[in-house]
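J.: Residues per chain are reported as follows:
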Amino acid sequence: MIAEAGLIALWLAASMAFLQFALCAIGLVKGQDEFFAAIRPVAIAQGLLVSLSFMLLVWLFVRSDMSVKLVVANSVAIKPLLYKITGTWGNHEGSMLLWVAIMGLAGACIGIFERNLKTKTLVTTLGAQAFISIGFYAYLLIASNPFERIFPVPADGQGLNPLLQDIGLALHPPTLYIGYVGLSIAFSFAVGAMITRDVGPEFAKAMRPWVLGAWVFLTLGITAGSYWAYYELGWGGWWFWDPVENASLMPWLAATALLHSVTVLATRDGLRAWTLMLAVVAFSMSMIGTFLVRSGVLTSVHAFAVDPERGSFILALLAIYIGGAMALFALRVGTVKEGSQFEPVSREGALVANNLLLSAILGIVFIGTLYPLVVEGFTDEMISVGAPYFNLATGPLALILVAIMAAGPLLRWRRDQVNALLNRISIPVFLTAAALFGLVIFTTSMSILSLLGLALAAGIAVASFAPLWKRNLRRTPMHVYGMVLAHFGVAVALVGMASETSFTEEKLVAAAPGDEIMVNNWKVTFQAIEPVAGPNWTALEARVTAQYEDQAIHEAAPQNRMFASAQMQTSEAALLTRWNGQLYVVLGDSDEQGRWQLRIWWKPFVTLIWYGGVLIALGGLLAMVGRLRRAVRQKQQRAYAEAVL
Amino acid sequence: MKAKHQRLTLAVLALIALVGAGLLAAFALQDQANYFYTPSDIVEKRPAVGQAIRLGGMVQEGSIQRAEDGVTVKFTVHDGATYQPATYTGITPDLFVEGSGVVADGKLNADGLFVADTLLAKHDENYVPRELEGIDMTGNMTKTDTLIE
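Chain order of the listed sequences is C and X.
Under UniProt numbering, residues 1 to 645 are what the first sequence spells out, in order.
Under UniProt numbering, residues 1 to 149 are what the second sequence spells out, in order.
In isolation and in its complexed conformation, chain C is listed as follows (with noise of 0.2 Å):
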């Protein structure tokens, strides 16, 4: 009975946020407010009802109830428990069931929490939003039931995609959807603005901490995703310009724009049309990732559910949520007025240098994933873009942006002087040079990005700490931590990605036991092959033993592993992770010689990618608590000057 709980459930929460809507409709249209009080605990109990019926999902493929088809498809009894929970969102039903619960709680959050917007914007926001819930209920009811009941019931189920079976998948998903679901959130809060034609410093305070919010989930869950390709795949890379990768990196771009507009909303009233353009695009680049990963319009690393009526659905409600809100847009944009003016050089200048910057690199990531589509659907040619046009178009425009970045924390509002600008950069500008000199001269064979990207990444690692240079640090507001760590991220991720592309070295041999490798200061030894077996896979695993110049002997166990249920291989590499780098050994085939082919890669301050995403992650976490803390101190000093008064 569980199944149909759960499916109830999901009526009961598809009715709510119909109710949802009705009540702001009514309410907008009658002018009447007492349709307005209804609606919070409505969006309440609309989050509670439609995540009942995600657990009820999770509780099925914990038990493995092999009478639901979804389980029987995407799950294995033997599986560990981890990976039956995981599993629930490993494929298409049951993730766009995490989709609608994670955007029912946001409703929740929104209903329970929110007490800076007018009550008119507010009631306006959480009508857009149950309008966008409604569409992907009745998408899930229609064409996606995740409760389906399959007869005769099967004795076992079909198991999990191998790959999908690691504890990256855990996290991945749920971490980006919260990100494009934080994106629907910023996308109704300009609908109800544009709506209410509320548009101000108020709003944009009430909007930045839900854009903060979806912006450090997207950057964590890309971040995940790059290490989780990096190391289950086998491949050693960590970007692959893959569509389905650009389709979490189209959103990012985005809300990283609209992250650094809506604060000049706030601060200074300026770019108001403009931030509600971003709030737009922003959730429009996550419904188009959507389509494109889940319509089977393209087959991916990543892509699953080949289904091109679903596909049809989905681009329908792009449709009608984008077209819907861009006709808004061109409707109200003239009756937002501007807000206050400001001189070219000036912080509000390098944040426009900074949005335009992201919007033309946004374009042409969006280009590249969608050109192979658009010449497919009028010709019969097939091509492919790859990773040579996106390094061409997007490497240069991305360190003028990663340069602008460096210099504009440096800018006074409103208005500044070069010649002031250029002495407060003086020094990390003599640091990129002394770096760009020494990289020239000590260094062999680079390729002119990485170059550029590594001695910019030495003056961006000071300049962004510049912002704090004569400050009181105690008395310095949390949020100006988090810039300076999220900047500070970029370079750290920028040292990492040029280090990894020039200096990566790389020894591919065929060995037998005993042979010894050496890979840059490595002694690498292959031990033995031994069959080993985990609790629904039986591997071949190499032992291997790696020496870093003379000292303690780590060991290492890449192995391939046969998972019975999907007969298939995956390729499971062994890490070695030091300070400078990561040893990189992957397992392949053996030949008549008893030889092992053996991939062993030494790849200088690859950490650094991650940890880079992981701090500019911190960042923007920092600076979301500490504008939430402020607001609500603010509040309670007026509240109090008030009850003194």
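It should be emphasised that the hints constitute simulated quantities derived from the structure, not laboratory data.
From the three backbone atoms N, C-alpha and C, an ideal C-beta is built for every residue, glycine too.
Take the hints with a grain of salt, since some may be wrong.
As the list claims (entries may be wrong) - These stretches of chain C come out as covered by chain X in the derived footprint (C-beta under 8 Å, 3 or more residues): (1) 352-361; (2) 496-510; (3) 569-580; (4) 590-597.
Unchecked claim - In silico DSBU-like pairs for lysine-lysine, Cα to Cα no more than 30 Å straight-line: (5) C:K120 x C:K30; (6) C:K30 x C:K205; (7) C:K507 x C:K523; (8) C:K30 x C:K118; (9) X:K45 x C:K507; (10) X:K107 x C:K507.
Unchecked claim - Simulated DEER-style distance windows between Cβ atoms: (11) X:A48 x C:P201: 51 to 59 Å; (12) C:T525 x X:A48: 40 to 48 Å; (13) X:E68 x C:S67: 18 to 26 Å; (14) C:E555 x X:D117: 40 to 48 Å.
Following the hints, position chain X against chain C.
T.: Frame of chain C, contents of chain X only:
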């Protein structure tokens, strides 16, 4: 600067950025749009030696050979009409087997041999690379067909 002027400046700047991005994208695409080649495309379009391209097709039955060093494989990619010899040094993905689809990044060398840097590993046993959907996999070939080498 008046408010109107500023708005105009910003709009113009945004337009320049977008057009610039479009031009940059178009320029890079022109260079790289011919990224994907089938064996027949290689004969028709003749990519330059050393140009980065992506080769896609089916691995011919019986064509996979391991070299003495134990880490290099030679194989032939075909699209039912044309045959392209290729070589790859590295650990082949599990789904790289004879008679299945393959997509590889690499370049042609002066002898007309395709030297792959990467074989794209995909993870589903039912996977057909998107670019290969149009190719008739069964073709009109048999195992007795000779290679054009």
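J.: Against each hint, give a clear statement of whether it holds in the structure.
T.: Now the hints, each set against the structure:
no.: 1; hint: 352-361; verdict: holds (count 6)
no.: 2; hint: 496-510; verdict: holds (count 3)
no.: 3; hint: 569-580; verdict: holds (count 3)
no.: 4; hint: 590-597; verdict: holds (count 4)
no.: 5; hint: C:K120 x C:K30; verdict: 13 Å, holds
no.: 6; hint: C:K30 x C:K205; verdict: 29 Å, holds
no.: 7; hint: C:K507 x C:K523; verdict: 12 Å, holds
no.: 8; hint: C:K30 x C:K118; verdict: 18 Å, holds
no.: 9; hint: X:K45 x C:K507; verdict: 35 Å, violated
no.: 10; hint: X:K107 x C:K507; verdict: 21 Å, holds
no.: 11; hint: X:A48 x C:P201: 51 to 59 Å; verdict: 57 Å, holds
no.: 12; hint: C:T525 x X:A48: 40 to 48 Å; verdict: 43 Å, holds
no.: 13; hint: X:E68 x C:S67: 18 to 26 Å; verdict: 56 Å, violated
no.: 14; hint: C:E555 x X:D117: 40 to 48 Å; verdict: 30 Å, violated
Of the numbered hints listed earlier, those contradicted by the structure are 9, 13, 14.
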